[in-house]
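Asks: Listed below, chain by chain, are the residues.
Protein chains: 2
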Amino acid sequence: MEKELIEKLKKGIETIVPENGLEEKIALAEKENRPLIIKFGMDPTAPDLHLGHAVGLKKLREFQETGAQIVLLVGDFTAAIGDPTGRNTTRPPLTEEEIKVNAQTYLDQMGKVIDLSKNVKIVRNSDWLNKMNFGDVLKLLGKATLAQMLQRDDFAKRFAANIPISLHELVYPMMQGYDSVALNSDIEFGGRDQLFNCLVGKTLQESIMGKPVGQTVVSMPLLRGLDGEMKMSKSKNNYIGLTEPANDMFGKTMSIPDELLPEWIELTTNFDAETKANLIADLKNGAVNPMEIKKKVAKNIVTQYHDATAADEAEAFFYRQVQQKGFDDKSFEQVSIAGLPNEISLLDLCAHVNSKESKSALRRLIESGAVAIDGEKQTDAYMKITPTTGLKIKIGKRGFFELAD
Amino acid sequence: MEKELIEKLKKGIETIVPENGLEEKIALAEKENRPLIIKFGMDPTAPDLHLGHAVGLKKLREFQETGAQIVLLVGDFTAAIGDPTGRNTTRPPLTEEEIKVNAQTYLDQMGKVIDLSKNVKIVRNSDWLNKMNFGDVLKLLGKATLAQMLQRDDFAKRFAANIPISLHELVYPMMQGYDSVALNSDIEFGGRDQLFNCLVGKTLQESIMGKPVGQTVVSMPLLRGLDGEMKMSKSKNNYIGLTEPANDMFGKTMSIPDELLPEWIELTTNFDAETKANLIADLKNGAVNPMEIKKKVAKNIVTQYHDATAADEAEAFFYRQVQQKGFDDKSFEQVSIAGLPNEISLLDLCAHVNSKESKSALRRLIESGAVAIDGEKQTDAYMKITPTTGLKIKIGKRGFFELAD
Numbered sequence: 001m002e003k004e005l006i007e008k009l010k011k012g013i014e015t016i017v018p019e020n021g022l023e024e025k026i027a028l029a030e031k032e033n034r035p036l037i038i039k040f041g042m043d044p045t046a047p048d049l050h051l052g053h054a055v056g057l058k059k060l061r062e063f064q065e066t067g068a069q070i071v072l073l074v075g076d077f078t079a080a081i082g083d084p085t086g087r088n089t090t091r092p093p094l095t096e097e098e099i100k101v102n103a104q105t106y107l108d109q110m111g112k113v114i115d116l117s118k119n120v121k122i123v124r125n126s127d128w129l130n131k132m133n134f135g136d137v138l139k140l141l142g143k144a145t146l147a148q149m150l151q152r153d154d155f156a157k158r159f160a161a162n163i164p165i166s167l168h169e170l171v172y173p174m175m176q177g178y179d180s181v182a183l184n185s186d187i188e189f190g191g192r193d194q195l196f197n198c199l200v201g202k203t204l205q206e207s208i209m210g211k212p213v214g215q216t217v218v219s220m221p222l223l224r225g226l227d228g229e230m231k232m233s234k235s236k237n238n239y240i241g242l243t244e245p246a247n248d249m250f251g252k253t254m255s256i257p258d259e260l261l262p263e264w265i266e267l268t269t270n271f272d273a274e275t276k277a278n279l280i281a282d283l284k285n286g287a288v289n290p291m292e293i294k295k296k297v298a299k300n301i302v303t304q305y306h307d308a309t310a311a312d313e314a315e316a317f318f319y320r321q322v323q324q325k326g327f328d329d330k331s332f333e334q335v336s337i338a339g340l341p342n343e344i345s346l347l348d349l350c351a352h353v354n355s356k357e358s359k360s361a362l363r364r365l366i367e368s369g370a371v372a373i374d375g376e377k378q379t380d381a382y383m384k385i386t387p388t389t390g391l392k393i394k395i396g397k398r399g400f401f402e403l404a405d
Numbered sequence: 001m002e003k004e005l006i007e008k009l010k011k012g013i014e015t016i017v018p019e020n021g022l023e024e025k026i027a028l029a030e031k032e033n034r035p036l037i038i039k040f041g042m043d044p045t046a047p048d049l050h051l052g053h054a055v056g057l058k059k060l061r062e063f064q065e066t067g068a069q070i071v072l073l074v075g076d077f078t079a080a081i082g083d084p085t086g087r088n089t090t091r092p093p094l095t096e097e098e099i100k101v102n103a104q105t106y107l108d109q110m111g112k113v114i115d116l117s118k119n120v121k122i123v124r125n126s127d128w129l130n131k132m133n134f135g136d137v138l139k140l141l142g143k144a145t146l147a148q149m150l151q152r153d154d155f156a157k158r159f160a161a162n163i164p165i166s167l168h169e170l171v172y173p174m175m176q177g178y179d180s181v182a183l184n185s186d187i188e189f190g191g192r193d194q195l196f197n198c199l200v201g202k203t204l205q206e207s208i209m210g211k212p213v214g215q216t217v218v219s220m221p222l223l224r225g226l227d228g229e230m231k232m233s234k235s236k237n238n239y240i241g242l243t244e245p246a247n248d249m250f251g252k253t254m255s256i257p258d259e260l261l262p263e264w265i266e267l268t269t270n271f272d273a274e275t276k277a278n279l280i281a282d283l284k285n286g287a288v289n290p291m292e293i294k295k296k297v298a299k300n301i302v303t304q305y306h307d308a309t310a311a312d313e314a315e316a317f318f319y320r321q322v323q324q325k326g327f328d329d330k331s332f333e334q335v336s337i338a339g340l341p342n343e344i345s346l347l348d349l350c351a352h353v354n355s356k357e358s359k360s361a362l363r364r365l366i367e368s369g370a371v372a373i374d375g376e377k378q379t380d381a382y383m384k385i386t387p388t389t390g391l392k393i394k395i396g397k398r399g400f401f402e403l404a405d
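Protein chains in written order, with this note's numbering: chain R, 1 to 405; chain Z, 1 to 405.
Don't read these hints as lab results, they were simulated from the structure. Some hints here could point you the wrong way.
Which copy is meant is left open, so a pair is good if it fits within one copy or across any two.
[To be verified] Pairs of lysine-lysine residues, derived as PhoX-like cross-links and limited to a Cα-Cα distance of at most 25 Å, are as follows:
(1) Lys118 <-> Lys11
(2) Lys131 <-> Lys59
(3) Lys139 <-> Lys100
(4) Lys31 <-> Lys384
(5) Lys58 <-> Lys359
(6) Lys384 <-> Lys359
(7) Lys392 <-> Lys234
(8) Lys100 <-> Lys284
(9) Lys139 <-> Lys157
(10) Lys59 <-> Lys231
(11) Lys59 <-> Lys394
(12) Lys397 <-> Lys157
(13) Lys276 <-> Lys139
(14) Lys397 <-> Lys118
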């Protein structure tokens, strides 16, 4: 591979371990006259992909275009077991059918970035982990020490704070590492919080397979979410899903704080390098209103996941709705009052018209002054309201509802 | 069971957890009209039993005589795996055949204390552990936390001293504990150093089987070995094996320091309680020469593992050989010099005539003045000697050798 192309592939990667690992593995694959094998883990318990996931997927796509073999690993083994302590109620075991459905959902979204028809192999780690018996497990565990596991940041912190670590948790990084042995991967893509587990894979390729140097571990920068503070994630509700409607994608992007713009330009758009640099320079020297730049980013994102027409329409919708405050009746979502009691709290009314947000999120919105009834701001979540036809409720910047029969 | 008999069973037991566990389990078995189930682990990697093991076996025999079901558990599963880190060279994996032979050897020796024809069942933990897959192992490990495992004394010490603990080592107590689930044992007999692992069995019976209180754990006092300091063990070479010749048993017992006598009277003899008490009182008030009491202990031990005639003969042999220094030619073991070089070091010569001792043990014996050539003490392990027929070598108190053609 030409040096120039390698440099292009390396661009934007946050961490490469070992440092020269990309060049080495590319050279090795070329020497052995075979495609580079890239491992990419899919978590079937969290099948909703968002722009944060897309950061890695886009880099993966670049590798795919150089002819690399992408191995999408479905972590169905652990998904089928769940959390044996029963402490983590968000991770109940999934059935075979649920895993299948989730994996397909995951793929459908992934297909918006990766070309699934080209050099992509989908494998399940139950294929090898299910075959391991107790003796095999002991042999695997013999390859690492407790002190090594406790180097993982979250283990170290919990151990120091006397927060229980169940014994089986210490096994999970070893399983993920063993997947790399089974796949004989050259490179593993992982989030920053997966670095430790990926490096276990590197070590196990060395100790079990006798490789002089195990897989190279690559991680992309984390994308901060809509709140501008935390990593984009579903549980923080600060995300834009890859399959969200165009209007939502556009509106949500318009809501991000200005200081997020440089990293969003880098990580979420597909502008060429020069355009990105110009936009960031414009921002820096104040030549352009940040709102204009945000609009370009929003249109670019919608164009990637929908198309240019949808982007234009979403822009128009946004301006009608929010920026120009044109309270066009047609744009209020009609919500039936059927079944509601005669009197209801503001919070319960908001939850009735907008079931997508959690009650605690809605309460925060009310208390922060983001909710209005018939044009009047209301900040008492527990004020009593009589739901009547025609009552208009505004929630946040983009939620417009009107009660109907 | 009568209270009196229970008290007799409890006598001499060092630890019972929980305190009232013996009474409770005996009552439970009686209520359910079934024999008490007692788990006793056999380690097929260490098949040589000595008087230290017999302490527990004799208590087990008492339970057996009350009608309890003895379950002898062969730990063949781990024996067949060995130590996966490869660090512990003293624990290489055993073959199926070696395990069989060792288990039989173990039983042969055990049969000197336990009546193997009465309420004894022999089981192997591979029967259930081999059937466990990775998922089962994870579920099992989910039942304990790292902090709980680190309460085990040796883990805690190694962890504090930064001595590596391999991950698989944390699993061993869980396996041993799971054996108690598989056996549904009421009581587990374990050495003092096995207490932790046995208590894991108690906990797992509670968390997996839902028992209100898991198995009762019983441990007997440790017997100190010939050196009077350390626990009797093969690796310390301070033991008397249950199958040793009568003369060796007698001579070794006569070699123990006087201060060991009270515990040896308690733990190794089968005198009745009154006789034991009298002997210990005699020792205390100095009424009898300790050597005389030692002789009674030695004869009692030989009588248990051989018979009364053998005990008399061993006593006579001992007095001829050692106490009266009667260097009767017939009692020198004849060792051929065939194959020896013309000149040999004292140490090599000792190793030639007595291959049972390690070279380092022999060197210490020489340097401590316990070796004589033709009646003359020699303390230089590397002095050169020309091996000739008729040369007499004395090693320690009981090794008498004569070189022959």
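Asks: Next step is simple, just say for each hint if it's right about the structure.
Replies: Hints and how they fare:
1. Lys118 <-> Lys11: Classified as within; 23 Å inside a copy, 76 Å across copies.
2. Lys131 <-> Lys59: neither (33 Å within a copy, 43 Å between copies)
3. Lys139 <-> Lys100: For Lys139 and Lys100, only the inter-copy Cα distance (23 Å) is at most 25 Å; the intra-copy one is 31 Å.
4. Lys31 <-> Lys384: Cα proximity of Lys31 and Lys384: none, with 74 Å in one copy and 63 Å across.
5. Lys58 <-> Lys359: neither (35 Å within a copy, 68 Å between copies)
6. Lys384 <-> Lys359: within (16 Å within a copy, 93 Å between copies)
7. Lys392 <-> Lys234: neither (29 Å within a copy, 87 Å between copies)
8. Lys100 <-> Lys284: Neither: 47 Å inside a copy, 79 Å across copies.
9. Lys139 <-> Lys157: Between copies only: 24 Å across, 28 Å inside.
10. Lys59 <-> Lys231: Cα proximity of Lys59 and Lys231: one copy only (18 Å, versus 63 Å across).
11. Lys59 <-> Lys394: neither (39 Å within a copy, 80 Å between copies)
12. Lys397 <-> Lys157: neither (39 Å within a copy, 59 Å between copies)
13. Lys276 <-> Lys139: Neither: 50 Å inside a copy, 50 Å across copies.
14. Lys397 <-> Lys118: Close neither inside one copy (41 Å) nor across copies (83 Å); limit 25 Å.
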